[in-house]
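J.: Build the full structure now, drawing on both the sequences and the hints.
Protein chains in written order, with UniProt numbering: chain A, 1 to 223; chain B, 1 to 501; chain C, 1 to 490.
The set of hints was computed from the structure by calculation and includes no laboratory data.
Just a sample of chain C residues kept apart from chain B, beta carbon distances all over 10 Å, derived:
#, residue
1, Ala44
2, Ile109
3, Gly118
4, Arg269
5, Leu483
Cross-link-like lysine to any residue pairs, in silico, SDA-like; alpha carbons within 20 Å at most:
#, chain 1, residue 1, chain 2, residue 2
6, B, Lys156, B, His360
7, B, Lys156, C, Pro448
8, B, Lys109, C, Leu464
Glycine included, every Cβ here is placed at the ideal spot set by N, Cα and C.
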Amino acid sequence: MSLSGELVPAALLVILAAACLLDRHLRRACLVFIAFALLMALAWWRLGAPWLALVEAVLGALLTGTALFHGLGHLGARSPLPLRDHARRPRHQATARWLAALAWLALAAAAVWGLLGGGELSVPSEVMRRPLLATGLAIMALGLWAFAHHLHLLRRLLAFNVLGSGVFLLLAGLAGPTVEVQGLILVGLVVALVGSVLGAALLRRLHALDGRVSLGGGAGDDR
Amino acid sequence: MSGGLLLLATLGTSLLTAVLIFLLPERAFRARTGLNLGAALIKLSLVAWMVWGLSRGRGYAVEFPVLEGLAFVLRADALGIMFAGLSSLLWLFTTVYAIGYLEDSPNRKRFFGFFSLCVASTLGISLAGNLFTFLVFYELLTLSTYPLVVHRGTSKALAAGKVYLRFTLTAGLVLMIGMVALHVLAGDIRFGQREILAEFGPEDRLLLVGLFWVLIAGFGVKAALVPLHGWLPRAMVAPAPVSALLHAVAVVKAGAFGIVRLVYDVYGIELSAELGLLYGLVAVASVTILFGSLRALAQQELKPRLAYSTVSQVAYIVLGIGLFGPLGTIAALSHLLHQGLMKITLFFCAGNYAEELGIHRIDELDGAGRRMPLTSLAFSVGALGMIGVPPVVGFLSKWYLGTGAIQAGMPWVIAVLVASSLLNAAYFLPILGRLWFRPGPDHGVGAWPEERCLGRLETHAWLLVPTLATALFSLLAGMLAGMPFSPLEWASRVVNAEYLP
Amino acid sequence: MSVPLDPSLSVEAAVLWLSLLAPLPLGLVAWRFPPRRMLPVLLAGAPLPLVTLWLLSRLAVDGGLEGAWSLGGLLLHWRLDALAGLLLLLTQLLLLASAAYAVGHRRAIAVAERDFAGFWPLLGGLAAALGLIWVAADLLTLYAALELMGLCAVGMMLLPGTAQALTAGMRYLLYALVGSLAWLLGVALLLGAWGRLDLAGLAADAEPGAVTGIAMALLAAGLLLKAAIFPLHGWLVPVHASAWTPVSALHGALVVKASFFILMQLWQRLVPEALAAAWLLGGLGSLAILWGGLQAWRASELKQVVAWSTVGQLGYLMLAFPLLAGTSAAVATLAWQATWLQLAGHALAKAAMFMAAGNLVLAVGQSRLGDLAGTSRWLPLSLMTFGIAAVTLMGLPPSAGFTAKWLLLQAAILAGQWPWVVVLVAGTLLTVAYVFRVLRCALVEDAPRREVRPVPGGMDLIALMLALAALALGLGAEWPLALLREGGLP
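T.: As structure tokens, this is what we get:
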């Protein structure tokens, strides 16, 4: 596998993540997310972790996608959510959340930089893993931004899933596709799935109860 | 019965009583009364047994570790058993009184439950063998008296409870910090191991002095030393038996007893004198004595006047502690008991006047001696004792304080004593005058605020009997002071055995 | 990986794992056949703490148990030392009490059996997760257990189904998920740098440095978020106030503590000497104590008072970090004992307090403090329980809170770290203020008599037992503390 051969899927992943998080049309965003997850599965495959690829495809793409669509209410006929998110966040809100997101990103970037630069990695860095790290950081940045910025709960769930994928990529990039990494990612995928299912179900219940799609103002003081 | 078991049984009597009372339903009046009286009698006899045993040279101690290098220690020594004897004797009378006083009022279960807990804490304080154990019961006492202070549940009572907690719990914290610091410095000091602190070199002396005053500040709140006395007059909203308990036995005495323990058993009187701590104590006590008396003079109601009188009288104990020498020590220890007997009598009387005739203000007492001769007689005994008229015990306290002052080389203390006695006379004699020599409603002048005619005697027998009993004890303790097991004799025994400097 | 694999599973290990995983089938059975009475629940759960007691007695004889599971090339490490055993015992007792309480609670709030049944498997999952957290010795097991615990906790929070509970639960879910990602990132960095996940190996290999520091910061951020340490406590109060009483009791008593436990384990192994960071954590704890106390003092509803009090009390635990970092062995031993004693005392007392508060609210039918007037006469037992639990929270004798505070003060004075003494004093006074504010409301006598609907006696009894246990732990602290001292610091 050449470096350029890696760059194209990496760039595609980032583009899909951005598209998924930026789109105000929710159904389209969910569809893009499924595509993103499938591409992630492909990435695992190419990294030599076929089982992980399978799990990613089933849990990440199929089941999470189903859960998200269920959250939108487009699988059953009852009171679907509005298709577009029109909410705009007031300017001066959740400063602490932004700061925390920035701190997170800065810490991660600094640590990756230190590991690569100082040659401290336990498994020597191969050329092909650098794009993985860069992609992971970029996707994480997108996820963090979206999580801090969006109000719509479905979009926050999407952001969380994307952020999680970014962390997984970083994990694989740092330590290689070892058995420990696969175990961690496996647990992470299951957690993300359960979280998404719970979140989507909650969203539907909340919408049915009093028609809202976001948490009320003053939603905590962090992240 | 082995020594440790006897101690635990004594403590357990009141604890178990508290638990059983909480378990009994509110309406089980007879069972509760029986339980209360039975427990009080059992405890009194157990303590009497220990007094007898101690005088025969037996030892009573039990301990178990709580932390590394820190134990929970119960130990009956002569000093502790003295306080224990006082509290169990007065508990008996107060229980009888409270049963009569609270007849037909709500929440009696809660009252007697916490009442028992309160007495258990007092007993624990007297039997504690180190500062840690002392603190445990000292704080338990605070907690168990709070529901008693706010018993009436009125906004005034609740406000008083708030003030009470603010003072006592803050003091408890101060005390805890002082004790922990002392523990860090010197380890677990058992009461009586005076040599531990005495061996510290001159470089630690300043620290020891500082810790002493921190601990005194902690004890001083309960002992109502000026300027830490603010809670005491306010706590007067509590029912009369509680006031009696607070003032004569439990709370105030716990503070004074803590100071006694600190000076004699932790620092040791010689080290205290060497560090110059006693001058400070005498100064604080003198100020408190005079201030309390002056404030008492200004009160128009009976209970607040008695409250300020307590402030002043408890400071006599601290004054005695501050006088270096056996006579001062005898004065301090015996006054611990004497003041309890006399003050509880006075509060019982105040409660009787309030219950029977609805009297709260002093100017309403005119001619009450004719309507309630026995109560008024008891009041007179207590008041004369407070002034220091022989043969009531108060005279002995003042006598020993005076001679102790000369022995300690502080003759100016006698001036304080004289001034205070004059002030005592100035605020008690007018009351006696009103009781006996002014014409009142029974002479056909005016009317009682709220006459209730409880019982066939001048008031309810449950109220009258304990009043007379404590008055009698105050008289007897004075007249038979030379007999064995009298408070004075026991105090001299403690001094001879342990404290002779 | 050089850790030897125990070829034959010893009896103790087998018993331990059986008792760790037993709650899962028990939960499923209870889901299928919901218990209607407290006694069967107590009987079914009672063997677990007995087993743990037996294990503790074995531990005292032959030191800690440890081993590893091999899972397709993956080694999962576990160990049972005195601390883990004691925490396991505490967990089992509290879970048992909550389970029994929940039976009565369902009857008292008149929820259909079917709607309540979901509680049981979640409780089983929570129990298994907590047990795993105490014994886990590698980051992967910890991660899995932490997530299982978090998701079960979220599920339990959602059970009431009210809009309030759902909103609070949703916020909790989002926070928990993000917190777990922060944790995962930290794990990724550690794995990348040192190539291993087992705690013992990391403690031996990992050198202090920028990467370890950053990894620890991310791990700590995730855990502090889950442990609701100031200023990341925003989610805690609404969640506690809207959940069912046994759920809030368990959550306040155990779930937040588990995150603290993991943080302490990692901290002691990875960055034991990080002074500035430890003081930062201590500072956060101090702020938590003050802020939580103030908010509890100002809260107008009973359950909110209790929930804010959790925020404040968690701060005391954080004081352990500065007292353990770079101090003498004597100070560290004192602080170590103080922390776990405080944790245990608070867990028992907080569960008791939630239950007592829940009983009061249920019986009165109102949740505002002002509506409690006169309850001292009509509901003396519930109020008494609240009061006894409060004694521990206030740190007054003879409770576990008092003994723990004594140890903390002793450690702080011995180390010369005076700020914590001031914080302890202020925190105690604040606790006294908010506790007695509640009691004062309940002691008002001149209020009109209202209808009270006493809760089943068993519910009061369970709460009282827990409160008394917290009290008894004060003077009976020597047994667990001696075990802890023998176990030593990690």
